[in-house]
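J.: For reference, the chains in residue letters:
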Amino acid sequence: METLQKTFFESYKSHSDEIFRFVFFKLNDREKSKDLVQEVFMKTWIYITKNGNIGNIRAFLYKTASNAVIDEYRKKERGWGRLSSLENLSEEFGYDPGFDDTDSIIDKIDGEKAMKLIKELPEIYAEVVFLRFVENKSITEIAEITNRSENAISVQLNRGIKKLKEIIQDKFKI
Amino acid sequence: MINDLFKKIKKETLSSDEKSQILSVLESFVDQNPIQSVRSPFYSSWFIFQQKMVVVPIAIILVFVLTSGTVFAAKNSLPGNILYPVKILNEKVESFVTFDTETKAQVDASHAISRLNEVEQIVNSNQELDTETRQKIESHFTTQSENTIKHIDELKSKGLEKEASKIETDFHKSLGEYEKTITDLSNSTSTENKTKKELDSVVSNIRSQLEKRSDTDEDDHDSEEQREQTTERQRAETETREIERTNTED
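Quick note, the sequences are listed as chains A and B, same order. For the record, in the first sequence the residue sitting at position 33 is 902 according to the numbering used here, with numbers rising by one throughout. For the record, in the second sequence the residue sitting at position 22 is 478 according to the numbering used here, with numbers rising by one throughout.
Hints were generated in silico from the structure; no laboratory data involved. Note that CB positions come from ideal geometry on N, CA and C, so glycine has one too. Treat the hints with caution; some may be incorrect.
With beta-carbon atoms standing in for the labels, derived distance ranges [stated by the list, open to error]:
hint : chain 1 : residue 1 : chain 2 : residue 2 : range
1    : A       : 876       : B       : 463       : 42 to 52 Å
2    : A       : 1019      : B       : 581       : 51 to 61 Å
3    : B       : 581       : A       : 900       : 20 to 30 Å
4    : A       : 1017      : B       : 646       : 54 to 64 Å
5    : B       : 473       : A       : 981       : 16 to 26 Å
Please put together the full structure from these sequences, using the hints given.
T.: Right, dumping it as structure tokens:
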């Protein structure tokens, strides 16, 4: 019993940041994301109390977080996370396209704005790009978290990265 | 270049304060929800029976002794308190583990009313009701009210009109009482006080829930009117037939 508790708290220490980032990426609301992280770990603990050890707790946390985000979307029925239009991006990023180069653009934006940039991708691509390149998940892990096939994930990753480059080039006229 | 973008995102983390805050909530939660005995496929049913005979009463006593303080504390917590999320999650669990629709409706209704009671408690204790707190309370209140209505509708669709009607009336009555209480609180609050605006928002949310009920009431009212009209028409027809019969006899 103590081992399960220990494993649970170790999981919190190891994975709370990435689960927070995952939820924050989807909701664009820091406070709400903190609440959901707490809820995800509470639900995970309830699952452990009833069923014992979870084989792959990291994947379980992601799935629970993903479901919690879906519940939140339904509850609010508002388009969380969709960024203001591309046209407003420059204004939002405090960037004037005519006078900058690529590196300084990236230097200027913070993590939250970088997230918003990726969220310009269609949602199906945004999620896999985020999980692969921000959270360093393997294709197999992403397939497990998203309930899609590994082949589909590979295709979506390639298309997502291609599209992201286009967005950045188009946006900042690089 | 794209890699730099990803590196920026990786820096988005919880602060150490935020992490500790969530951790302490989780510690309370874990204490409050101890591990249940996990079944093993190797246990024979007799062994499980024997084990349950001994373990269950001990577990009940232990859970009661160890957790009653936290449960009580959480039950009385208000938004902003570290145990408040535990209270809300407990309510969700309570609703989730209730299978009977009638009880589910009652449980959700009582949770929704608890939210309004929290508003009253905050204002009566001279605390400011800020926008964030009000939004948090309202969000739970709306969900719980809507769940109550959903369960009431389910009861009606199952033909349990009487049970549905009782819960609906009680819920409606409690909402009405809190509408009055919170309106009074708002009226007694100075217009310069930010709390007043938040209280007015809560009142308007209660009214919108009451209107949802009123829609159904209106339907009921319509059908009642229709029933009255039918009865009147039947009475008139009977009287006409009676007059016709009398005329024929004459």
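J.: Identify every previously stated hint that the structure contradicts and give their numbers, smallest first.
T.: Hint 1 contradicted; others consistent.
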